[in-house]
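Engineer: For this one, chain E is given, so just place chain H on it according to the hints.
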Amino acid sequence: MTIGSGGSSIVVPRNFRLLEELERGEKGIGDGTVSYGMDDGDDIYMRSWTGTIIGPHNSVHEGRIYQLKLFCDKDYPEKPPSVRFHSRINMNCVNHETGMTCYSANSNVDELHPCLNIKVSLELFKRYYQDTDLQGFDAVQVVQVESKKFGMLSNWQREYTMEDVLTQLKKDMAAPHNRKLVQPPEGTFF
Amino acid sequence: MANSNLPRRIIKETQRLLSEPAPGISASPSEENMRYFNVMILGPSQSPYEGGVFKLELFLPEEYPMAAPKLGRICLDILKDKWSPALQIRTVLLSIQALLSAPNPDDPLSENIAKHWKANETEAVETAKEWTHLYASGE
Chain E
1 MTIGSGGSSI
11 VVPRNFRLLE
21 ELERGEKGIG
31 DGTVSYGMDD
41 GDDIYMRSWT
51 GTIIGPHNSV
61 HEGRIYQLKL
71 FCDKDYPEKP
81 PSVRFHSRIN
91 MNCVNHETGM
101 TCYSANSNVD
111 ELHPCLNIKV
121 SLELFKRYYQ
131 DTDLQGFDAV
141 QVVQVESKKF
151 GMLSNWQREY
161 TMEDVLTQLK
171 KDMAAPHNRK
181 LVQPPEGTFF
Chain H
1 MANSNLPRRI
11 IKETQRLLSE
21 PAPGISASPS
31 EENMRYFNVM
41 ILGPSQSPYE
51 GGVFKLELFL
61 PEEYPMAAPK
71 LGRICLDILK
81 DKWSPALQIR
91 TVLLSIQALL
101 SAPNPDDPLS
111 ENIAKHWKAN
121 ETEAVETAKE
131 WTHLYASGE
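Protein sequence lines correspond, in order, to chains E and H. Just so you know, we're using UniProt numbering here: the first sequence kicks off at 1 and counts up by one. Just so you know, we're using UniProt numbering here: the second sequence kicks off at 1 and counts up by one.
Simulated from the structure, these hints should not be mistaken for lab results. Since this is a predicted model, take the numbers as computed values, not measurements. Heads up, some of the hints might be wrong.
Unchecked claim - Label pairs and their computed distance ranges (CB to CB):
(1) H/E123 - E/G187: 38 to 48 Å
(2) E/G151 - H/P85: 35 to 45 Å
(3) E/A175 - H/H133: 48 to 58 Å
(4) H/I11 - E/K74: 28 to 38 Å
(5) H/S84 - E/I29: 24 to 34 Å
(6) H/D106 - E/D40: 19 to 29 Å
(7) E/H177 - H/R73: 33 to 43 Å
Claimed, not checked - Restricting the straight-line Cα-Cα distance to at most 30 Å, the calculated cross-link-like pairs of lysine-lysine (BS3-like) are:
(8) E/K171 - E/K27
(9) E/K170 - E/K180
(10) E/K69 - E/K79
(11) E/K74 - H/K80
(12) E/K170 - E/K69
(13) H/K80 - E/K27
(14) E/K27 - E/K170
(15) H/K82 - E/K27
(16) E/K79 - H/K55
(17) H/K80 - H/K55
(18) E/K74 - E/K27
(19) H/K82 - H/K118
(20) H/K55 - E/K74
(21) H/K82 - H/K12
(22) H/K82 - H/K55
(23) H/K129 - H/K118
(24) H/K115 - H/K80
(25) H/K115 - E/K27
(26) H/K115 - H/K82
(27) H/K115 - H/K55
(28) H/K55 - E/K27
Glycine included, each C-beta is placed from N, C-alpha and C at the ideal position.
Isolated chain H, as found in the complex:
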């Protein structure tokens, strides 16, 4: 009975994600677990991530929407203290897409990469392009 008590809000959000997906973003719930989504975000054009397909996992905890969706280790304020139940799965995914267009080396997950980004942005962007090609080419 994994999905029998799914809150109406989650059902609504899911329906809308499927019927009106945001450009460059797809999110579909797993069949066995409607709180568990496979997400794909296309790298925004004119970013080092252009051409990349980025796969994410999203999980709606029991407390959702009073608590933020879970998305692995991503440093994003609305996933932590800035979460509000007025936000949605869609807004979170759009924020991540925006983060790909404008990375924030002042609030990093990885100190080393942020350091590199600040010291030599051109080189860091090159590395990001290379890694996008190597690891996110969608094949």
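Next up, chain E with everything else stripped away, as it sits in the complex:
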């Protein structure tokens, strides 16, 4: 059974869910290629986490160690965590200026995560698609376009965990559209 699902009718409340994830993270996961831990033991809301992914075999990421910041707001796990790469990486779903793994939790701008700088996304989007006429686009659409590149956050489900996010990102690194991309020098940060 997946962590946090607790059977069909039982809903594990936020803080208990994060405690489960904390415990699991402390024990160590699988082969150790993804791991995470809490940043501040004194934060009773357990919001800020650091994740690590070791780049998968048969990709340009092999042997690299990537650090990420995960932020679980008060509405986690109803809403996904915000996920940002700290180590520089060139990857389809990652904003090249901020390291943010973009998502849209909801099509309402007010409910987007405050870390997500909509103007930055809009500017980047314009740069990527220089020929496209963007007059008709608004910020929401732009964010959603980026979010489609990492479906786990845009199609978030309560049962998903930080471990699932990291594992999925690792898988994505080895996917055909990511595994050969030219990478920034190792050990540089956003």
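Structural biologist: Then chain H, alone, in the frame of chain E:
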């Protein structure tokens, strides 16, 4: 249907917690989730926590009562290896209240605070009083 399959034992315990609360302890289930309780424990008199209102969250996992209730990070043996299904929510909360009267620096959650407690109890008690006033005054 979050609450439809609630075991009888949990219903019974909840009813009793509400109708005959233990002195200085209140526990009420959340409306959306009957396994999730908001708990308040009053700091015991003659302890550094006197005058404080301590809010806790309690969750009954699927395995309850074969597994202990969950209560965040509290170092208490009956929440871990000493749990028995003969214990109840009420006994757990009474144990926490007792822990406030007699903290156990030999089995701490926070090493630093336990160290302080052992090195200079008077000062540690002062800090506990201050923090109770600052963070648990119930306002």
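Engineer: Between H/K129 and H/K118, does the CA-CA distance stay at or below 30 Å?
Structural biologist: holds, 17 Å
Engineer: Does the Cβ pair E/G151, H/P85 satisfy 35 to 45 Å?
Structural biologist: holds, 43 Å
Engineer: For the range 28 to 38 Å, tell me whether the beta carbons of H/I11 and E/K74 fit it or not.
Structural biologist: Holds - the Cβ-Cβ distance for H/I11 and E/K74, about 29 Å, lies within 28 to 38 Å.
Engineer: Quick one, are E/K170 and E/K180 close enough, alpha carbons at most 30 Å?
Structural biologist: holds, 14 Å
Engineer: Just to be careful, I want the Cα atoms of E/K171 and E/K27 compared with a cutoff of 30 Å; is the pair within it?
Structural biologist: holds, 22 Å
Engineer: Under the criterion that the straight-line Cα-Cα distance not exceed 30 Å, is the pair H/K115, H/K82 satisfied?
Structural biologist: Roughly 25 Å between the alpha carbons, so the hint for H/K115 and H/K82 holds.
Engineer: Mind checking the hinted window 19 to 29 Å against the Cβ distance between H/D106 and E/D40?
Structural biologist: Since the Cβ atoms of H/D106 and E/D40 sit about 26 Å apart, the hinted range of 19 to 29 Å holds.
Engineer: Starting from H/K80, check that the Cα of H/K55 is at most 30 Å away, please.
Structural biologist: Holds, because 21 Å separates the two Cα atoms, which is no more than 30 Å.
Engineer: Hint check: H/K82 vs H/K118, CA-CA at most 30 Å. Holds or violated?
Structural biologist: Between H/K82 and H/K118 the Cα gap is close to 25 Å, so the pair holds against 30 Å.
Engineer: For the range 33 to 43 Å, tell me whether the beta carbons of E/H177 and H/R73 fit it or not.
Structural biologist: holds, 42 Å
Engineer: Taken at face value, is the distance from the CA of E/K27 to the CA of H/K115 at most 30 Å?
Structural biologist: Given that 30 Å is the threshold and the Cα spacing comes to 26 Å, the pair holds.
Engineer: Mind checking the alpha carbons of H/K55 and E/K27 for me, to see if they're no more than 30 Å apart?
Structural biologist: Since the Cα atoms of H/K55 and E/K27 sit roughly 29 Å apart, the hinted pair holds (cutoff 30 Å).
Checked against the numbered hints above, the structure violates none of them.
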